[in-house]
Structure formats: C-alpha cells, structure tokens
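Engineer: In case you want the letters, here they are:
There are 2 protein chains.
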Amino acid sequence: MTSARPTIVDVAKLAGVAISSASAALNDQKGVSTETRVRVREAADSLNYVPSLRGRSLSSKRAFSIGLIVERDFTILEADPFFSAFIGGVEESLAPHGYALLLQIVDDEALNVTRHVELVDSRRVDGIILSELRADDARIPAFEARDTPVVGINPGQGFPFPAVHQDGGAAISALIVHLVELGHTRIAHVSGPAGYVHSRERLEAWKSAMLASGLSPDLIVESDFTHEGGLRAADSLLADDSRPTAVFCANDLMAIGFMNKAMELGYRVPEDISIAGFDGISLGVYVRPTLTTIVTNPHLLGKEAARLLLEAIDGAEAGDAVIEPATFAPRGSSGRGAVPRTPRP
Amino acid sequence: MTSARPTIVDVAKLAGVAISSASAALNDQKGVSTETRVRVREAADSLNYVPSLRGRSLSSKRAFSIGLIVERDFTILEADPFFSAFIGGVEESLAPHGYALLLQIVDDEALNVTRHVELVDSRRVDGIILSELRADDARIPAFEARDTPVVGINPGQGFPFPAVHQDGGAAISALIVHLVELGHTRIAHVSGPAGYVHSRERLEAWKSAMLASGLSPDLIVESDFTHEGGLRAADSLLADDSRPTAVFCANDLMAIGFMNKAMELGYRVPEDISIAGFDGISLGVYVRPTLTTIVTNPHLLGKEAARLLLEAIDGAEAGDAVIEPATFAPRGSSGRGAVPRTPRP
DNA sequence: TTGAAAGCGCTACCAA
DNA sequence: TTGGTAGCGCTTTCAA
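Protein chains in written order, with the numbering used here: chain V, 1 to 345; chain C, 1 to 345.
Treat the hints as calculated values from the structure; they're not laboratory data. If you're wondering where the values come from, they're calculated on a predicted model, not measured in any experiment. The C-beta atom is built at its ideal place from N, Cα and C for all residues, glycine as well. Keep in mind that the hints are not guaranteed to be accurate.
[As the list claims (entries may be wrong)] Using 25 Å as the maximum straight-line C-alpha spacing, the simulated PhoX-like pairs for lysine-lysine come out as follows:
id, chain 1, residue 1, chain 2, residue 2
1, V, K30, V, K13
2, C, K61, V, K13
3, C, K30, C, K13
4, C, K13, V, K261
5, V, K61, V, K30
6, V, K61, C, K13
7, C, K30, V, K61
8, C, K61, C, K30
[Said to hold, decoys possible] Listed below are several chain V residues computed to face chain C (Cβ distance under 7 Å; list not exhaustive):
id, residue
9, L47
10, V50
11, G55
12, S57
13, E91
14, A100
15, L101
16, I105
17, D108
18, R268
19, Y286
20, V287
21, P289
22, R307
Using the sequences and the hints given, assemble the complete structure.
Structural biologist: If you want it as structure tokens, here you go:
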C-alpha cells in the first residue's frame, strides 16, 4: 500500500458530501442527518481512513499530547521504579481521550527548565506535569508567564497551579511512634537534597514526629536519593559512638543502601539497627530483611495528575486532587531495638 | 503575556521580508543574504519567536516524534528497570535532533497492535521502535503493509526491518562453564513466556551450553519474567528429589524471586544452590547475596535504536547495529555447589 | 536573492 | 441540514 493515505477530502468525495459535512459526521457533531453520517462512516471505513493528527492539531489548536520531563541522571534512572508506575497511571487517564504522553529525560537542572519551555512554546504539548518540584522552582515563574495548563505533583505551599497531593506526614508519624514503642530513642534521618520540596516535607514530618515523642531531631545526614547515597549515609552515621539505633531514610533506595552497608559493617538488621524507607517500591519486599517503609501510590498520583491536566486543557477551572494518604508498612527491617554496639571487626 | 504567540508572519513583517525568506533564514537554508538572515534572526529574537511544531508538522509531513509502546501490566511495570534505562538511551539520540519520544503503555497484546497502528496511521509519529518481539509478532505484518520506518530490538531471524542486536549467547555459555567448573551438573533453567523471541534465545543458548558441557538440558520451568514467577518456579523446581544445584533464570527479577523463595525454604545461597539471572539490573547488586547475572546494555540499545530510526526516517537505507555482547558477571549468588539437600523444616 | 502563492489536512464559520 | 470557504502556521515551489 504505497498509495497516498486517504484524507478527509477522499472520504467526502466518496460519500458525495461536503468536506465540512464529513468532518462533522466523523466527529459526532450535531446537525448531521443520520443518512449522511452513515454514508460518511462507510466511506471512511472502506478507505481505511484515519484522521491526520497533524491537520487536526493545526486547525484545532491542540497537540493532543502532554509533556512530562524527568530530571535524572541517565544511569540512576534505571534503578528508580517510581516513574514507571507514575507513567502507567498517566497513560491510564490519557489513552481514553486520545491523548499521548511525550516523555523527556534530562540530566541537568538548567536544561530541565529549557526543555519544559520549548515543549510548550513550540506547541508540542497542551499541558505539562511538573514533578519533583524544588522549593524555588524556576519552572513555576516560567509557566506563570505562559498561561499553559500545568499540574503539579506534591508541590509546596503557594503553588499557583492545580496539583495532586498525597500526604506522607501521618505515616511518618506512625513510623516514629512504632520505633519509639520498640524502645528506640536515637532515630536518625537521611534526607534527600535540600532543594526539593519532598525532601523538606519528609524532613519536617520526621522532626515534628520526633518532637511529639519528646526526642530531639538532631541526627540528620543529607544525601541524594540513590543507593550509593544510602551507603555513604550509613558510613557517616555509624562511624561514631553517638550512632542511632534506628534510621528513617527519605526514600527506599537509600534505605536499602543504608541497610546493605550496615550489614556489611557487621550490624544485624533489625536486631542492632532498625531501618525504614519511603516510597513503597516493590524492591522493598524483594530484599532481606524486607524493608519497613511508607507506601505511596505513584500510579494513582499519575492517573489523577493526568486527569486534572486534561480538565484544565478543556478549559475547566481545575481544582486540586487529594488522594488517600501514604500508609505505614512495618516490615522486617524494623524491630526490637538494642543498644547500639560496635561493629564486628 | 496573554497576547497571541508570534508566528512567522509576525517575524517576517517585523523584519520587513517575505514569509518565505523568513522561513529560509530561520532554517539556515542557502540562498539568503547575510543581511536578511541577520534581520530575520533579530526580529525572531525580539519577538521571542518559537516555531509552531503544528504548522511545521503539517507542511513538512513530519511529526518530529517517534513512538515506543511498552506492553506490560501496569503493576508489574514498576518493578522493571529495563525500560527506564532504555528510554534514557532513546532520549539521548533523539534530543539533539529535535525529536521527542511518545510513550504508551498497554497491558494487552491485541491492544498493543492496535495502538501501534493508530500511532502510525494518525501520523502522530514518524517511526516506531519495536521491542519485546514475539516469535510471530502481529506488528510485523502490520508495519510491512504501511511503509513506516521501524527499528527492532533483538528481533529473531528474518526480521524485515533494521534492528539493534546485542548477543547474550556467549555470556550464557560462560555462565554455564562457570557453573560446571564449580561442580554443578544439575543446572535448571527458568524461562520467560515461550512466545517471546528473547525467551527462546535465552532458552536455546542455555540448551547449547548445557550440551556443550555434556549435560542434558531437561530441567526447565516456564515462567513470566516477574518476581512472583520466580517464587513459583523455585517452589516447583525445589519440590522433588531431582532438584537442581544451580539455576539460570531468564531475567534478574525471576532470579531474585527464586533466590528469596529458596532461602525461605531453608536453602543457603550459594552453598546449597547457585542462582543466576539475566539483564544486569542494578537491583542485582542491592540484594544479598549479590546476583550473578548476564549484564546487558539497555541504555545503549535504546540509543542505537533511536539513531537507526532517525536514519531511516531521513530516508537512509538503515542497516543493523550490533553492540558489544552482554557480559557474564559472576557474583555472590553462584559459588561452590553442594549436594542438594532437603530444606530445613 | 527575494517575494507571492499554493498547499499540507483538518476544523469552524457562515450562507444557502 | 448542507456546502463553500477561510483559516491554522509552516514549507516549498516558482517567478520576478
């Protein structure tokens, strides 16, 4: 079939109607007689007609796709299962509406902003999902100056666009209570990079929970959300005698890194040290001991974000969406604590 | 800035030239005087002009994006790090050419074909990357009837489009030799679904390697590439007295599932049973013991695939790309084998 | 080298 | 209800 693909002109001609009638019929608009509708449909079917998105895009001023840009080091991305689930959710909302997801991956903050802007300015997408927001994110003013539909994922205070929220604070609280009940008093936190909103939120939630239990939140190490970062955090936190008996890492990957290093140093988990993560990635149940964590719902987060974005694109005054809070999942890596001991040589 | 975005007409007007001259200047075409070129550039800059991809698409008959459809159950996708790395590679080739990646996720084989065809027929993309090919893949005839650029990932014999190949046979061979040298004679294989080309290739490579070592390849369990499938495979393979002392799983996720179940049943790894996977996902070095595996290069696979596809889109007679073979990575989960023993109660 | 004009395939408006 | 037609924003002839 090397012949040129049929256009709406061919369909109209074959059906013996005007192009505008063909268009109306194919788009289920009112004001078309049943007879015309049927004839157009038949003509289209017999020609195997599929509308060109290019023509449609230009005249209807819509790209029928939305953009998502992930800022991640290419090599690190592999280990991060969050986005796969997230994207699955986005797809679920998009597909029924004929929308598609344009995905880009960048490894640099400045480039991240540039790409976002390009995507919108070139009208390649009708809207953008903003994830992994920073406290002072350069993308926010960029989009405020552009009146493009935007939806944020767990943004901070004063975010000027619709957003999807999933609270993790209550679950972090439950985690700390759990650890305290097990007898822990020295509970450390391994945070993500300070620039990120979600890093700060988890840090703050940990602080509040510690204070609420009468403990002072002073054992903190800032890391980078990677497995490698978890290894390093363990090295530094376990180095001296004030070492913690429990640690809450800002994500699961770091927690697993922390756990591996702790065990390598001779600590038993959870007998000597309890470890908890955040995210609830399935990897957490593949490792031994299984990882105590806060289970979030990236799939639903993606699904709702895409839903809100489509509403905004359709011109609705989209509000926020709040999904069920993350839940605390106690598993093997947290348990009865003991006095911290020196690692076996 | 609610004012309408500037178009090329505005640029031409401001520069005082014809639209065609503006277009030629902006696209670095020859036959434009330096003066005109400069004036157009300045006009474009001062207006903050960004060409509309919609107009460009329609007139140049290009979508400037390519499609990738991943067939995966939404929930399983999360645990599979292969595609993240793959997509990172695709991006790396695409970005410098102004191309973008359209990603879709489907959870059903029939829908998979439908979506592929829609993407192409609606001219939403200029080409397609075909991964996870089946022995008798319905997408192949669909695209043969459509003369659209297509690039395959590790396809089987007689694949009618350009493709990227990474051999895993030599590494599988090395793995079996390694196991045999350790004293293993009962080496089982947990395969992927029989329909997939890569399932078959790994199975065949295992068979050849077994025969080459004088062992009979008869301990086979077919599974589904999931962690859960690995658990089940362990249950069935370790159930009776003819149980293996080593097992080669067709991917890492199954290998880790197998390992977890084996340990749960009381086997020590690698003392009682050696376990190996395939893929080389980073998860394999996060688990304990670390996973012996075959390390592939999904990032490079994606990068080369996108490169070939862009060539094909540009009308070149794109050939195949062969990247360095996968490598054997012996790690903690394989070691000195022992006589299989009954699990501790 | 420049400019005018004809599409690309579709939607949407306005008469008929 | 239908048909003609004017765009959407760009690229690409083809004359001048």
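Engineer: Against this structure, judge whether each hint is valid.
Structural biologist: Hints versus structure:
no.: 1; hint: V/K30 <-> V/K13; in the structure: holds (21 Å)
no.: 2; hint: C/K61 <-> V/K13; in the structure: holds (23 Å)
no.: 3; hint: C/K30 <-> C/K13; in the structure: holds (21 Å)
no.: 4; hint: C/K13 <-> V/K261; in the structure: violated (65 Å)
no.: 5; hint: V/K61 <-> V/K30; in the structure: holds (21 Å)
no.: 6; hint: V/K61 <-> C/K13; in the structure: holds (23 Å)
no.: 7; hint: C/K30 <-> V/K61; in the structure: violated (31 Å)
no.: 8; hint: C/K61 <-> C/K30; in the structure: holds (21 Å)
no.: 9; hint: L47; in the structure: violated (12 Å)
no.: 10; hint: V50; in the structure: holds (4 Å)
no.: 11; hint: G55; in the structure: holds (6 Å)
no.: 12; hint: S57; in the structure: holds (4 Å)
no.: 13; hint: E91; in the structure: holds (5 Å)
no.: 14; hint: A100; in the structure: holds (5 Å)
no.: 15; hint: L101; in the structure: holds (5 Å)
no.: 16; hint: I105; in the structure: holds (5 Å)
no.: 17; hint: D108; in the structure: violated (12 Å)
no.: 18; hint: R268; in the structure: violated (13 Å)
no.: 19; hint: Y286; in the structure: holds (5 Å)
no.: 20; hint: V287; in the structure: holds (6 Å)
no.: 21; hint: P289; in the structure: violated (10 Å)
no.: 22; hint: R307; in the structure: violated (15 Å)
When the structure is compared with the earlier hints, violations turn up for hints 4, 7, 9, 17, 18, 21, 22 and for no others.
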